[in-house]
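Start from chain Z and add chain W according to the hints.
Here the protein sequences come in this chain order: Z and W.
Position in the first sequence counted from 1, then plus 470, gives you the working numbering.
Position in the second sequence counted from 1, then plus 4, gives you the working numbering.
Keep in mind the hints are simulated off the structure, nothing from the lab.
Worth double-checking, as some hints may not be accurate.
Derived DSSO-like pairs (lysine-lysine); straight-line CA-CA distance at most 27 Å [what the hints assert, rightly or not]:
#: 1; chain 1: Z; residue 1: Lys576; chain 2: W; residue 2: Lys106
#: 2; chain 1: W; residue 1: Lys106; chain 2: W; residue 2: Lys63
#: 3; chain 1: W; residue 1: Lys50; chain 2: W; residue 2: Lys90
#: 4; chain 1: Z; residue 1: Lys692; chain 2: Z; residue 2: Lys534
#: 5; chain 1: W; residue 1: Lys90; chain 2: Z; residue 2: Lys576
#: 6; chain 1: W; residue 1: Lys106; chain 2: W; residue 2: Lys130
#: 7; chain 1: W; residue 1: Lys108; chain 2: Z; residue 2: Lys576
#: 8; chain 1: Z; residue 1: Lys576; chain 2: W; residue 2: Lys50
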Amino acid sequence: MSSLQQAISFLSGTGMLIALAVFVLGCLFHVIRYIGGLDAKKDRVAYGYHADRSVPGIFASIFKWLLPCATAGWRSAPLTTFIFFCMHAGCVLVPLFVAGHVVLLKSALGIEAGLPMLPLAVADVLAAVTIAGVLICAVRRLVSPFQKALTSGADWLILFLTGAPFVSGFLVRVCCPDSAELMLVHLVCGNLFLLLAPFTKLSHIVLFFMSRAQLGMEYAIKRGGQTRGGVFDW
Amino acid sequence: MKTASIKRIAFSLAVLAGILFLGQQAQADGDAPFIKIAKTGISAEKMPAVVLSHEAHIKHADDDCSVCHTEAEDKYLNIDTLAPAKRQGAVHAACASCHIQKGKGPLLAQCSSCHSQQRLANLDSKKK
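For reference, chain Z alone in the conformation it holds in the complex (with noise of 0.2 Å):
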């Protein structure tokens, strides 16, 4: 095999499911250091008590915040919002049930069973959508004088981490269908997605859930959440 074969049947194979060790194990520690970092007497919060409220305040939590119109914070900016929301469809649904990731998966595993897979057209718009969303991120990033002054090194490494996957496996799917060195590359830039996620902000995979769920947890156990009512009385 030439190196380029080599390097694909690697990345796409052992080397796929290294990365993706990677990523699941990275994110599991996330998990149990936001908990471990959980304090009742420094947040004042008693996490161990009234798990009758506080577990459904987890779940009222993290499903409002899911839901594009369903908290004040959403409904504050909805263009915002919008944006925000089409992108990050796509950056869930694409690499999770697009056909290639089903089908190498399954057979790097060796299990006959996967994930249901999009149809192309499907994938394709997502994709479009994401790429959309991930330049427009970029440009809100340079003209908002908000943005700009909260920008960081950080923020611009999640967005090519992010978009450079999308546009790399777009390119293969519209343009150079037969190419091997586009599909190298995107095999590169998807396995260091998958690497770096755990080390940077892209870990707000996992921890946005972690803080939602705190918060949730908070609010219903000491103020009027969601579980008692909406509205505390005062």
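Below, chain W alone, put in the same frame as chain Z:
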């Protein structure tokens, strides 16, 4: 336009039609250069159907039909007799393993080299 040139054009068209017709005959006979894989018992739903350069592949297999046809000549490794859940993995492994072995031809990751929209369109337009 002169009648001579009209005749020439008509003649060329007739020859072209003849070639197309013969090509179609050859396709039906199974020795066409390209065939659409359709008898594996897998219904092509998610991906474009695979168009195989059959003649070129006979050479890749050193004229040994049994590399791909274990019993029936028009069936690929009798994939259709496997349990449905095993077919896709089996066909992928069988095609790609030779490509790995020979160091040539698409690897599994290169989905669209086998499931090529363009080859399928070419084949379909030839048939019409």
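To see whether the hints hold, each was checked on the structure:
At most 27 Å may separate the alpha-carbon atoms for a hinted pair to count; lysine 576 of chain Z and lysine 106 of chain W meet this at roughly 23 Å. Restraint check for lysine 106 of chain W and lysine 63 of chain W: satisfied, since their Cα atoms lie roughly 13 Å apart, inside the 27 Å limit. Straight-line distance between C-alpha atoms of lysine 50 of chain W and lysine 90 of chain W comes to about 16 Å, which keeps the hinted pair within the 27 Å bound. At roughly 19 Å between alpha-carbon atoms, lysine 692 of chain Z and lysine 534 of chain Z fall within 27 Å of each other, so this suggested pair holds.
With a C-alpha separation of about 11 Å, the suggested pair lysine 90 of chain W and lysine 576 of chain Z falls inside the 27 Å cut-off, and the hint holds. A distance of roughly 30 Å separates the Cα atoms of lysine 106 of chain W and lysine 130 of chain W; the hinted pair therefore is violated under the 27 Å criterion. Between lysine 108 of chain W and lysine 576 of chain Z, the direct Cα distance comes to roughly 23 Å. Compliance with the 27 Å bound is thereby established for this hinted pair. Pair hint lysine 576 of chain Z plus lysine 50 of chain W holds up; C-alpha atoms about 16 Å apart against a cutoff of 27 Å.
Checked against the numbered hints above, the structure breaks only hint 6 and satisfies the rest.
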